[in-house]
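Colleague: So the protein sequences, as listed, match chains R and Y.
Residues 1 to 385 in the numbering used here are what the first sequence spells out, letter by letter.
Residues 1 to 123 in the numbering used here are what the second sequence spells out, letter by letter.
Derived by calculation from the structure, the hints in this document are not laboratory data.
All values derive from a computational prediction rather than experimental measurement.
Be aware that a few hints might be false.
[To be verified] Within a straight-line C-alpha distance of at most 20 Å, the following computed EDC-like cross-link-like pairs (lysine to aspartate or glutamate) qualify: (1) Y/K85 / R/E311; (2) Y/K7 / Y/D112; (3) R/K154 / R/E80; (4) R/K367 / R/D324; (5) Y/K45 / Y/D15; (6) R/K384 / R/E174; (7) Y/K85 / R/E320; (8) Y/K100 / Y/E41; (9) R/K359 / R/E320; (10) Y/K45 / Y/D103; (11) R/K367 / Y/E93; (12) Y/K121 / Y/E81; (13) Y/K85 / R/E43; (14) R/K278 / R/D298; (15) Y/K7 / Y/E41; (16) R/K367 / Y/E91; (17) R/K97 / R/D126; (18) R/K97 / R/E110; (19) R/K367 / Y/D63; (20) R/K367 / Y/D51; (21) R/K154 / R/E183.
[Said to hold, decoys possible] One side only, chain R facing chain Y, incomplete, derived with CB under 10 Å: (22) F28; (23) V35; (24) Q36; (25) V41; (26) D143; (27) G243; (28) A244; (29) S247; (30) R249; (31) R312; (32) A313; (33) P314; (34) R316; (35) P343; (36) V364; (37) R365.
[What the hints assert, rightly or not] Across the chosen pairs, the derived CB separations fall in these ranges: (38) R/E200 / Y/E84: 38 to 46 Å; (39) Y/E109 / R/L310: 40 to 48 Å; (40) R/A179 / Y/E109: 55 to 63 Å.
Cβ atoms here follow ideal geometry from the backbone N, Cα and C, with glycine treated the same way.
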Amino acid sequence: MAETSTETLRRTALHPLHVEYGAKLVAFAGYDMPVQFPAGVKEEHLWTRTQAGLFDVSHMGPCFLTLAGGTRRGAEAHEEIAALIETLVPSDIKGLKPGQARLTVLLNDEGGILDDLIITRPYEEDRQGELYIVVNGAMKAQDWGIFETALAGKAVLTRADDGVLFALQGPKAEIVLGAYFPECTGLKFMESRRLVLDGETFVVSRCGYTGEDGFEVLGSAAAGTALVRLLLDDPCVRPIGLGARDSLRLEAGLCLYGHDLAPDISPVEADLAWVIQKRRRETGGFPGAARILRELKDGPARKRVGIQPLERAPAREGTEVYVDGAPVGLVTSGGFGPSVDAPVAMGYVAAAQAAPGTKIDLMVRGKARPAEIAQLPFIPARYKR
Amino acid sequence: MTTYYTKDHEWIRVDGDTGTVGITAYAAGQLGDVVYVELPETGAKFARGDDFAVVESVKAASDVYAPVSGAVLEVNSALTEAPEKVSEAAESEAWFVRVKLADTSELSELMDEAAYAAFCKGL
């Protein structure tokens, strides 16, 4: 464990709650964050898959991007703000329906991924011309700098990382959160609404990063903390640390920026071509479009894949992948999957070796261990479609 | 039989010039759920401080260091099938290896139970 001084670390509004619940705290993305609670990573992981886990993600970068002229009614305002952000990301943002959210990637001029983020079109008729965007905590300074520089004079960025952003994930999430926001039970995966509780407005989105059904909720520091306290009083809900967040997302086949995604990796290589919708493939107009469109047509040289070690030894990030004694790739995330009850990993391999079932060797501590390319995710997603 | 402890949280229970080695309950608690243990081969030789085994939790892999120099007489292969035993019974059932000590005088460098308890308290 890194012996980082906690004094220079930022704290989320929920920090006192983590301490109260006995969290083991570590430095993460510049914040003092819970890596696990006394139950431990494995139990927290399994709890989330069967009950409801509550994750503090206030260290992430929620923000609002608004037309310089302000929000207004009508589809035109949405098209204007969407056109601005589409110069930076390859997804069809114009085509979002009111209240719809979409995963996308921020690209550099070479088509490499600078971050992955969720962009939501507000549902509310009077908030058109605004986008709700959540970027990764460790990348928020970079991302917000890019937005402000690229869209100066055209759009205004308002950070919203001074409040509480939490995720409630798992099969019990709907019934638990529905007690406070009855409307949230009507939302489908990747739909979002502003909902009011006791006079306080929250942004409630049906999404998450565990493979389970669930919600992400943004609120003010005070109202968000009060709501989290109420939720944690529910016997179905337990606080979950970053350790289980990592094993949950890995089993769900979801990428972690800085590990599975990096500035030299394109969305096609990352097997995220699905974030580039038809219109954008036809018209381009995003950074690195030449490379990305070429890779879409000819296939990428390397590809992100699931990796299933066939023995019990986990293969961690950085483990080399071999086929017939020749290096063909690298593990970018690896560990133990408590729900799969086996080691699981993902990484990049040469396109020729990327088919599920391909036999590979993982070099763990100098020994070749058998593994095979696996279909992602390792557990079936349980999103509410 | 006397049990000695290292600052890296291994224990060794010594009987004459043989010893049983494992990781301490404190270490197991810090690691969290153990999901994999990699043990050396019988006959392998180690110098004091060499990494001779690996214990992996959901989160991370950690090396286990030889508390003394010696040769491996026996490994606890039950841990390969049931690594979770390390979380449950670190200082008894979940021993890692039995070793033949190369130099029993190395034991004087290790902590006794009271000293180790005080050492953990200060962490």
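Colleague: For each hint, tell me whether it holds in the structure or not.
Modeller: Status of each hint after checking the structure:
1. Y/K85 / R/E311: OK: Y/K85 and R/E311 at ~18 Å, within 20 Å.
2. Y/K7 / Y/D112: 11 Å, holds
3. R/K154 / R/E80: Between R/K154 and R/E80 the Cα gap is close to 10 Å, so the pair holds against 20 Å.
4. R/K367 / R/D324: It holds: about 14 Å lies between the C-alpha atoms, which stays within 20 Å.
5. Y/K45 / Y/D15: 19 Å, holds
6. R/K384 / R/E174: Judged against 20 Å, a Cα distance of about 10 Å means the pair holds.
7. Y/K85 / R/E320: Violated: Y/K85 and R/E320 sit about 30 Å apart, past 20 Å.
8. Y/K100 / Y/E41: Since the Cα atoms of Y/K100 and Y/E41 sit roughly 14 Å apart, the hinted pair holds (cutoff 20 Å).
9. R/K359 / R/E320: 14 Å, holds
10. Y/K45 / Y/D103: 13 Å, holds
11. R/K367 / Y/E93: 28 Å, violated
12. Y/K121 / Y/E81: Violated: Y/K121 and Y/E81 sit about 33 Å apart, past 20 Å.
13. Y/K85 / R/E43: 16 Å, holds
14. R/K278 / R/D298: Between R/K278 and R/D298 the Cα gap is close to 17 Å, so the pair holds against 20 Å.
15. Y/K7 / Y/E41: 25 Å, violated
16. R/K367 / Y/E91: Not satisfied, since the Cα-Cα distance of roughly 29 Å exceeds 20 Å.
17. R/K97 / R/D126: It holds: about 14 Å lies between the C-alpha atoms, which stays within 20 Å.
18. R/K97 / R/E110: Violated: R/K97 and R/E110 sit about 30 Å apart, past 20 Å.
19. R/K367 / Y/D63: 16 Å, holds
20. R/K367 / Y/D51: Holds, at about 16 Å.
21. R/K154 / R/E183: Since the Cα atoms of R/K154 and R/E183 sit roughly 34 Å apart, the hinted pair is violated (cutoff 20 Å).
22. F28: 13 Å, violated
23. V35: Holds, because the Cβ-Cβ distance from R/V35 to chain Y comes to roughly 7 Å (cut-off 10 Å).
24. Q36: 6 Å, holds
25. V41: 4 Å, holds
26. D143: 27 Å, violated
27. G243: Interface hint status for R/G243: holds (5 Å vs cutoff 10 Å).
28. A244: Since the shortest Cβ distance to chain Y is 8 Å, the answer is holds.
29. S247: 5 Å, holds
30. R249: 13 Å, violated
31. R312: 5 Å, holds
32. A313: The hint holds - R/A313 has a Cβ within 10 Å of chain Y, the shortest such distance being about 6 Å.
33. P314: Because about 5 Å separates R/P314 from the closest Cβ in chain Y, which is inside the 10 Å limit, the hint holds.
34. R316: 6 Å, holds
35. P343: Since the shortest Cβ distance to chain Y is 7 Å, the answer is holds.
36. V364: Check passed: Cβ of R/V364 comes within 9 Å of chain Y, closer than 10 Å.
37. R365: Cβ of R/R365 sits 7 Å from chain Y, so the hint holds.
38. R/E200 / Y/E84: 38 to 46 Å: Because 44 Å falls inside the window, the suggested range holds.
39. Y/E109 / R/L310: 40 to 48 Å: Holds: the Cβ-Cβ distance is about 41 Å, inside 40 to 48 Å.
40. R/A179 / Y/E109: 55 to 63 Å: 60 Å, holds
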